[in-house]
Amino acid sequence: MFNLRKSIFTGLLLSLLAIPAFLLIQGCGNDINSTVSAPGDTAAYQGGTSDEHGSSDTEAIDKTRDSAREAAQEVQVISTLFHTANKFAEQRRFQAAIDTIDRLLSVDPYNEQAKYLRNMYSQALLWQIQHEKSRNADHNVTMHLMAVDKDLIPPVEKIEYPTVEKGSAKPIAAGQGIVGYDVSGMDGGVMAQMYSFGKAPINNQIVLNNFNADELWVIAKVDTAKSVVPVDDNTPVSGCCVVKLPDNPEEVPLPLKHTDVTGNIAGYIATVNVVQQFHNPYDTKIEARYVFPLPQNAAVNDFLMTVGDRTIRGVIREKEEAKQIYEAARSRGHVASLLTQQRPNIFTQKVANIEPGKAIDINIKYFNTLAYKDGWYEFVFPMVVGPRFNPPHTTDGIAAVAHGTPDGTSGQSTEVHYLKPDQRSGHDISLAVNIDAGVKIEDLECSSHIIEKKYNSDSRVNVQIARNDTIPNKDFVLRYKVAGNKVKTGIMTTTDDNGSYFTMMLYPPESISQLKRVPMEMIFVLDCSGSMNGFPIEMSKKAINRALKRLGPDDSFQIIRFSNNASQLGPKPIEATQENIEKGLTYLEGLHGGGGTMMIEGIKAALDFEHDPKRFRIVSFMTDGYIGNEAEILKAISEKLGESRIFSFGIGSSPNRYLLDRMAAIGQGAVSYIGHNDSPIEPVDNFYETIAHPALTDISIDFGDMQVAEVWPPRVPDLFAGRAVVITGRCKSPKNCNITVGGKVGSLDQQYTVPAEFSDNTRHDGIAAIWARKKIEILNNLLNTGGPTDLSNAILTTALSYNLMSNYTSFVAVDSATVTSGEHGVTVNVSVPVPEGVKYETTVQEVH
Amino acid sequence: MPTRQNKMTIIILTLCFTALTYSFGKALEPQADFSNVRFVPVDIIIDSADKSIAAYQFELKVTSGIAKLSGVEGGDCEAFKAPGYYDPKALNHGRIILAAFNLDKSLPSGKFRCARLHFMISGDQTPEFEITPVVIADAKGNKVKADMTYRLTDRD
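First to last, the sequence lines map onto chains A and B.
Going by our numbering, the first residue of the first sequence is number 1, and it counts up by one from there.
Going by our numbering, the first residue of the second sequence is number 1, and it counts up by one from there.
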């Protein structure tokens, strides 16, 4: 029989026993896995919302809930409409943007921000009409850029357009700079671009020097020397302005304050120092945790931790051993740091026991070789990890979770925390690159960022990102061309206690550019997942559109799309007739982004697809590569490749370059990247130029008297027109000689010589690390594609011997000289913005 | 129909059960025990009398106890303030070889700390080391006769 009194008594007794037991085991609530709900963290407030109304007044609660739900729905509608209007504005469809804002105002008539936006879009529309008219009338429109202090922006209704003379650079108020470059000839597209991104367009070669303002105004001014008829009385003839809407994001205090990057490029080798400045903005001790990217071929071989004026060099250790040292130091109250590798291009930095108000710097040094593509050398520094999709069966993935999400929610081993679109941390980045090409630099460009450059001589230049382009939400991509298309030092060496090492950039022979290719079978594989939604998929479609139109009459094609599953235009290759290309374009137009990234489905559909043996099959993936199961995908490609060659396009401002580069390497093809600010035309045309000629295959290299050993990669990849590959090895005697390269172009044998000249200019300290890093990469690839398991020992030994980060090693640094007081504090994840052009809503997992 | 009191009882019992289950679950999880581990700095001291020192290299061996290198710091003089470089190959084989040189700044002489090594120590025993100077040299590369010793600060 149920004894109520007894049961209550037992329950209370158990509660009294259970609660202390719980508290005892929990210690002070700061176990290793605990995550702080730092100021600004939404998780801090999630647990504390109890029903404050009591159980008696359920009706009132229901009413409150209903109104809350309605309010939430209204907020959602307003947010969507703002977003839509902004998208229209980005596309220069200002009338549509105004209509959308009008819909918004019908829901919320007193929304001041909407009114403000409507005014702006109206101004922009007027400008567009006026600009169009003046262009049709063959009148010049001169545009000026102005940097304006926030406090000086007048109310919108009272804007008086300052008269700015062409090319003027006079300040209009103290402390306020006008960037008055002559930018005649800019069109509406440029204006819209500036409007969208608040920065100068790269194509027009505008550099904003000393730009340090809150807003950028774009002034369009019709040349008054020529008569212009106003569209109507309200149309300004002396100028019109478009103002970037002042953002009012929620400031989220985070422990990563600033990242400072300095790169020194000698020949085609970069030495890069990355300083991450951590601090503690809270009133309690913390552990900071930051997941960040580095280039996929970075040989990370030095690690320093600076506490106050003391610097401690980290020590390379086996991964588990390093973790234990770090955890022990953390529990003992010592300041400590740990750097681990999650993927060759994704790392986690942990810094323990940062006391309130204190700062700790972490300095990471790496070497890497630059890519050579289509005549350009390319230096890339990634700034943010893109949000990855993980198939349901994975647990070792890279999860994308919202800022404030408790650790472990995703079920994946690594979690990247993302800020919401209306959140902003104070973390910014500065980046400088010094190039010493050895020969004249003929051209230099950066489409990702606004840069300032200073030439010290015709072969040396200093480049840095402008002070108004410091949000770390996209890859920094710097390209340069040199005279004669090849850097002087094709071969570089170093000698240390362990012997001599060399790297060589092997360029294709000129002769292959004169030969024509065989007919092609082009398979386009378009990633239609959620992360590609919007700009990336539109960019991909433009690229495929361009590529389809360049197919020859002897070629065939197919279009495959994938997200949660895969489907395609037809069951077999389609002849590239005009009619079929039109069909393909129509199919393409109907594709949209949404859903997961089951890339394996795309791989299967593309590589299992019926092959036409008369044609050279090229599989071209168009993707951002935002997946967490890279190993599975690479293994599948390796198994299914057959006669196919993979030539992919990495899409977006921060693509997964590790995945795409590896896909190209395994697929014996190449990869091109189309950034957020790039036009797809040039990469697609370059791609056609590359595949328009046969590759040099079956390559063998005779190193003459160099007495080489352990050359990586052991099998030299095929050489395509406009592309180069880096070879690295050990040698006994680096002395001047001729290196002979042999191979096949189709069925014809080809041979050419490369002079190897050694001097002081060809020495580089980073070569041994680059060699060891390449060895690790090759051994890892073998291991991942079913190689013997004892390869992992070889990787570990190499990494430990050459002081290198790897999948099996980590850097750890401990300051044993001082002990911080109290417990080890709580863990704060450094949340990051989603990459530019990527939609938060379709990529980041939110826990409600 | 369950009464309000019955409901309360069920809620309390559920809470108790949940708390107990969670507590025991946490208790069963393997917890790292670092009670037998501590961290100590080991200072490397050079006494060169009146000779200025521009470079050094030494080897440090652990002769008793368990000690793992977990950081390398510079010295207390400007010339060797930056941490020296360890030989990773040697470290991989349980030896610590550290070297540094500086020709730019005012060079130290007399008794000074050229480096500080941070160790993780396991067990109660305070470890002992054997230090062997490989080279101590002046700015011209000439070997200098100088003493090299170590000093361990063990708070426990």
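Be aware that one or more of the hints could be misleading.
As the list claims (entries may be wrong) - Simulated crosslink set (DSBU-like; lysine-lysine; CA at most 30 Å straight-line):
| id | chain 1 | residue 1 | chain 2 | residue 2 |
| --- | --- | --- | --- | --- |
| 1 | A | Lys604 | A | Lys549 |
| 2 | B | Lys51 | A | Lys365 |
| 3 | B | Lys61 | A | Lys319 |
| 4 | A | Lys115 | A | Lys839 |
| 5 | A | Lys319 | B | Lys81 |
To be verified - Some chain B residues judged to face chain A by a derived CB distance under 10 Å, without partners named:
| id | residue |
| --- | --- |
| 6 | Phe34 |
| 7 | Ile45 |
| 8 | Gly65 |
| 9 | Leu69 |
| 10 | Ser70 |
| 11 | Lys81 |
| 12 | Gly84 |
| 13 | Tyr85 |
| 14 | Asn92 |
| 15 | Phe119 |
| 16 | Met120 |
Calculated directly from the structure, the hints in this document are not laboratory data.
Don't be surprised by glycine CBs; every beta carbon is placed ideally from N, CA and C.
Hint-by-hint comparison with the structure:
The suggested pairing of Lys604(A) with Lys549(A) holds, with an alpha-carbon distance near 26 Å, which does not exceed 30 Å. Our distance criterion of 30 Å between C-alpha atoms is broken by Lys51(B) and Lys365(A), whose separation comes to about 34 Å. Taking the CA atoms of Lys61(B) and Lys319(A), the gap is near 23 Å; set against the 30 Å cutoff, the hint holds. In summary, the hint linking Lys115(A) to Lys839(A) is supported, as the alpha carbons are separated by about 25 Å, within the 30 Å threshold.
A distance of roughly 29 Å separates the Cα atoms of Lys319(A) and Lys81(B); the hinted pair therefore holds under the 30 Å criterion. The beta carbon of Phe34(B) comes within 4 Å of a beta carbon in chain A, closer than 10 Å, and the hint placing it at the interface holds. With its C-beta approaching chain A no nearer than about 15 Å, Ile45(B) sits outside the 10 Å limit, and its interface hint is violated. At about 15 Å, the closest approach between the beta carbon of Gly65(B) and any beta carbon in chain A exceeds 10 Å, and the interface hint on this residue is violated.
With a least beta-carbon distance of about 5 Å to chain A, the hint placing Leu69(B) at the interface is held under the 10 Å criterion. With a cut of 10 Å, the hint placing Ser70(B) at the interface with chain A holds, because the nearest CB-to-CB distance is about 4 Å. Because the closest C-beta pair between Lys81(B) and chain A is about 8 Å apart, less than 10 Å, the hint holds. Interface restraint check for Gly84(B): the shortest CB-CB distance to chain A comes to about 8 Å, inside 10 Å, so the restraint holds.
The interface hint given for Tyr85(B) holds, since its Cβ lies 8 Å from the closest Cβ of chain A, which is under the 10 Å cut-off. Given the 10 Å rule on beta carbons, the hint for Asn92(B) holds: about 4 Å separates it from the nearest Cβ of chain A. At its closest, the beta carbon of Phe119(B) sits 7 Å from a beta carbon of chain A; the interface hint therefore holds under the 10 Å criterion. Here the hint on Met120(B) is kept, as its CB sits about 5 Å from the closest CB of chain A, short of 10 Å.
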